[in-house]
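Spelled out, the chains give:
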Amino acid sequence: MSAATFRIWRGERGDGRFEDYPTTVSEGMVVLDAVHRIQSEQANDLACRWNCKAGKCGSCSAEINGKPRLMCMTRLNELDLAKPVTIEPMRAFPHVRDLVTDVSWNFRVKQKIQPFTPCAPQAADGTWRMQQRDVDRVQEFRKCIECFLCQDVCHVLRDHNRHDSFVGPRFLVHVAALEMHPLDTADRMAELREADGIGYCNITKCCTTVCPEGIAITDNAIIPLKERVVDRFYDPLKALVRLMRRETRDERRETS
Amino acid sequence: MAHVSLPIAPRRFGETKRTDAWWIQPAVIFLLFSTFIVYSTWAALQGNHYTYGPYLSPFYSPELFGDSAHAWFGPRPGWWPSWLLFSPAILILWAPGGFRFTCYYYRGAYYKAFWADPPNCAVGEPRSSYRGERHFPLILQNVHRFFLYFAILFLVILLRDVWDAMWFTDATGHRTFGIGVGTLVLAVNVTLLGGYTLGCHSLRHMVGGILDRIAERPVRQAVYDCSSCLNRNHMQWARLSLVMVMFADLYIRLCSLGVWTDWRLI
Numbered sequence: 001m002s003a004a005t006f007r008i009w010r011g012e013r014g015d016g017r018f019e020d021y022p023t024t025v026s027e028g029m030v031v032l033d034a035v036h037r038i039q040s041e042q043a044n045d046l047a048c049r050w051n052c053k054a055g056k057c058g059s060c061s062a063e064i065n066g067k068p069r070l071m072c073m074t075r076l077n078e079l080d081l082a083k084p085v086t087i088e089p090m091r092a093f094p095h096v097r098d099l100v101t102d103v104s105w106n107f108r109v110k111q112k113i114q115p116f117t118p119c120a121p122q123a124a125d126g127t128w129r130m131q132q133r134d135v136d137r138v139q140e141f142r143k144c145i146e147c148f149l150c151q152d153v154c155h156v157l158r159d160h161n162r163h164d165s166f167v168g169p170r171f172l173v174h175v176a177a178l179e180m181h182p183l184d185t186a187d188r189m190a191e192l193r194e195a196d197g198i199g200y201c202n203i204t205k206c207c208t209t210v211c212p213e214g215i216a217i218t219d220n221a222i223i224p225l226k227e228r229v230v231d232r233f234y235d236p237l238k239a240l241v242r243l244m245r246r247e248t249r250d251e252r253r254e255t256s
Numbered sequence: 001m002a003h004v005s006l007p008i009a010p011r012r013f014g015e016t017k018r019t020d021a022w023w024i025q026p027a028v029i030f031l032l033f034s035t036f037i038v039y040s041t042w043a044a045l046q047g048n049h050y051t052y053g054p055y056l057s058p059f060y061s062p063e064l065f066g067d068s069a070h071a072w073f074g075p076r077p078g079w080w081p082s083w084l085l086f087s088p089a090i091l092i093l094w095a096p097g098g099f100r101f102t103c104y105y106y107r108g109a110y111y112k113a114f115w116a117d118p119p120n121c122a123v124g125e126p127r128s129s130y131r132g133e134r135h136f137p138l139i140l141q142n143v144h145r146f147f148l149y150f151a152i153l154f155l156v157i158l159l160r161d162v163w164d165a166m167w168f169t170d171a172t173g174h175r176t177f178g179i180g181v182g183t184l185v186l187a188v189n190v191t192l193l194g195g196y197t198l199g200c201h202s203l204r205h206m207v208g209g210i211l212d213r214i215a216e217r218p219v220r221q222a223v224y225d226c227s228s229c230l231n232r233n234h235m236q237w238a239r240l241s242l243v244m245v246m247f248a249d250l251y252i253r254l255c256s257l258g259v260w261t262d263w264r265l266i
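Residue numbers (the working numbering), protein chains in the order written: chain A, 1 to 256; chain B, 1 to 266.
Check before you lean on any hint, since a few could be wrong.
Looking from chain A toward chain B, a few residues come up when the C-beta cut is under 8 Å (computed) [what the hints assert, rightly or not]:
1. Ala47
2. Asp80
3. Asn202
4. Lys205
Some chain B residues close to chain A (C-beta under 8 Å, calculated; not the full set) [to be verified]:
5. Thr19
6. Trp23
7. Gln25
8. Arg107
9. Tyr111
10. Asp117
11. Ala122
12. Ile139
13. Gly209
14. Asp212
15. Arg213
16. Ala215
17. Arg217
18. Asn231
19. Asp262
20. Ile266
Hint data in this document are derived by calculation from the structure and do not stem from the laboratory. As the structure is a computational prediction, the values presented were derived from the model and not from experiment. A virtual CB, placed ideally from N, CA and C, is assigned to each residue, including glycine.
Produce the complete structure using the sequences and hints provided.
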């Protein structure tokens, strides 16, 4: 057992201050354990959201020593306990109380994204066929636990407050999972460029750095989507090829 | 999407609760890129000491017009204005320069290191306004794929330079096969540039990333897998190739000036 001090943000709806809580910690503890100990011994009214304590529910997102992390996956032996450990709520969302923020904006954003639109069934029994190789790519994106740490660290939302014009990395991953799905037929390119605001991302890779599931958000989701947007809107050669293909198709149709 | 107010007052420039030395990474990148920009500009404007024996500096390759034996179309063209400084590098460096400037890795790196947008993850920014890459001028970053076409062409030319760097002319005028330290320097340079160029995000997209069903196309799948493999370390390829291309020019320059001796290994 050793001593450590946790400097926790206390307050409601944005007003508040840091308060120090000295407590004892032992081997194997994570930050969430320490918060629970403080809750039970010193501050019964300390609000924090948590659920699985296994890094799978994405509930206990917070900023620990300034870095967006899951409290349940941050082991104390990774931190310098000689100094107070600061724990703050996520900064990109409206504050509710203590360590709890209102993340409902994310769910409203998700509702506006065109949902999965499968092609017609490919077999007589009304089922589809997919190769595992084709699904592998989108399965990486399905690891997302919606902890919203990537949204929190994204400076477009965090510092520039562009919630009205940028969906954030989490939902670009969501769009990538739909767009790259081998059975999906919906076209989200115009939506990506305009409503989703993919052009706001300036590829700082902070989202990839904080993802607790290790999803290569920038390299495998955002940049491939940016390239698809370039294909559609900014590449004159591609536009020419599309035009020629369309004309050839029309000619064939007229001939037949 | 409703407007959402931030929970705590926005941070000032550089303000953060991070306890690590977050400023080291952007500072190192700033120094590295600044060194490259200053050195490459200086070297490109010199217009001399860019060849040594069979070696040609990558900053000057391809030498379209110039005084060395490597020049494709002979000496400086007559139509070049006499008042304008001429260097063979000026004619070609826009292509690799543009490729690096619009590269996804470099963009993220210099937005942080030179523009502090943001200085580092979860660190306060100096400006409240933000336009991203949606508007002019940064929307022009979308031309990256066109610079890629030139970069692939340059890669082939630099490979040819490595081959040429294996043929030394002796005192009697005969060309003999050999390998010098300079040959190895140029070979390592083109290898690193290859790793960087062939792992480019735009190339990865073109060779297979654009397809949602790649399993039915084994050749494209193999090429896409190779490009993805290189892409996983794109940052390292980008940095190493940047340093190496600078060193390759320096090596040839110092050999040409007689400061360094080029050792023949074979």
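Checked hints:
Because the closest C-beta pair between Ala47/A and chain B is about 13 Å apart, greater than 8 Å, the hint is violated. Hint status for Asp80/A relative to chain B: holds, with the closest Cβ pair at about 7 Å, below 8 Å. For the restraint placing Asn202/A at the interface with chain B, the shortest Cβ-Cβ distance is roughly 5 Å, inside the 8 Å limit, so the hint holds. Below 8 Å, beta-carbon pairs count as interface contacts, and Lys205/A has one with chain B at about 6 Å; its hint therefore holds.
Contact between Thr19/B and chain A, as hinted, is supported at the beta carbon level, the nearest pair being about 5 Å apart and thus within 8 Å. Because the smallest distance between the Cβ of Trp23/B and any Cβ of chain A comes to about 13 Å, over 8 Å, the interface hint for this residue is violated. For Gln25/B, the interface hint is violated, since its Cβ never comes within 8 Å of a Cβ in chain A; the closest pair sits about 11 Å apart. With 8 Å as the threshold, the beta carbon of Arg107/B comes within range of chain A, its nearest partner Cβ sitting at about 5 Å, so the hint holds.
Interface restraint check: Tyr111/B against chain A, minimum CB-CB distance 5 Å, threshold 8 Å, status holds. Annotation: interface hint on Asp117/B holds; nearest CB of chain A at approximately 7 Å, less than 8 Å. Because the beta carbon of Ala122/B sits about 6 Å from the nearest beta carbon in chain A, less than 8 Å, this interface hint is met. Contact between Ile139/B and chain A, as hinted, is supported at the beta carbon level, the nearest pair being about 7 Å apart and thus within 8 Å.
Contact between Gly209/B and chain A, as hinted, is supported at the beta carbon level, the nearest pair being about 5 Å apart and thus within 8 Å. Look at Asp212/B: its Cβ gets to within about 5 Å of chain A, closer than 8 Å, so that hint holds up. Satisfaction of the interface hint for Arg213/B is found here, the shortest Cβ-Cβ separation to chain A being roughly 5 Å, below the 8 Å cut-off. Proximity of Ala215/B to chain A holds as hinted, the smallest CB-CB distance being about 4 Å (cut-off 8 Å).
Checking Arg217/B against chain A: minimum C-beta separation of about 10 Å lies over 8 Å; hint violated. The beta carbon of Asn231/B is positioned within 8 Å of a beta carbon in chain A (closest approach about 6 Å), and the interface hint is therefore held. This hint is violated: Asp262/B has a C-beta 40 Å from the nearest C-beta of chain A, more than the 8 Å allowed. For Ile266/B, the interface hint is violated, the least distance from its beta-carbon to any beta-carbon of chain A being 41 Å, above 8 Å.
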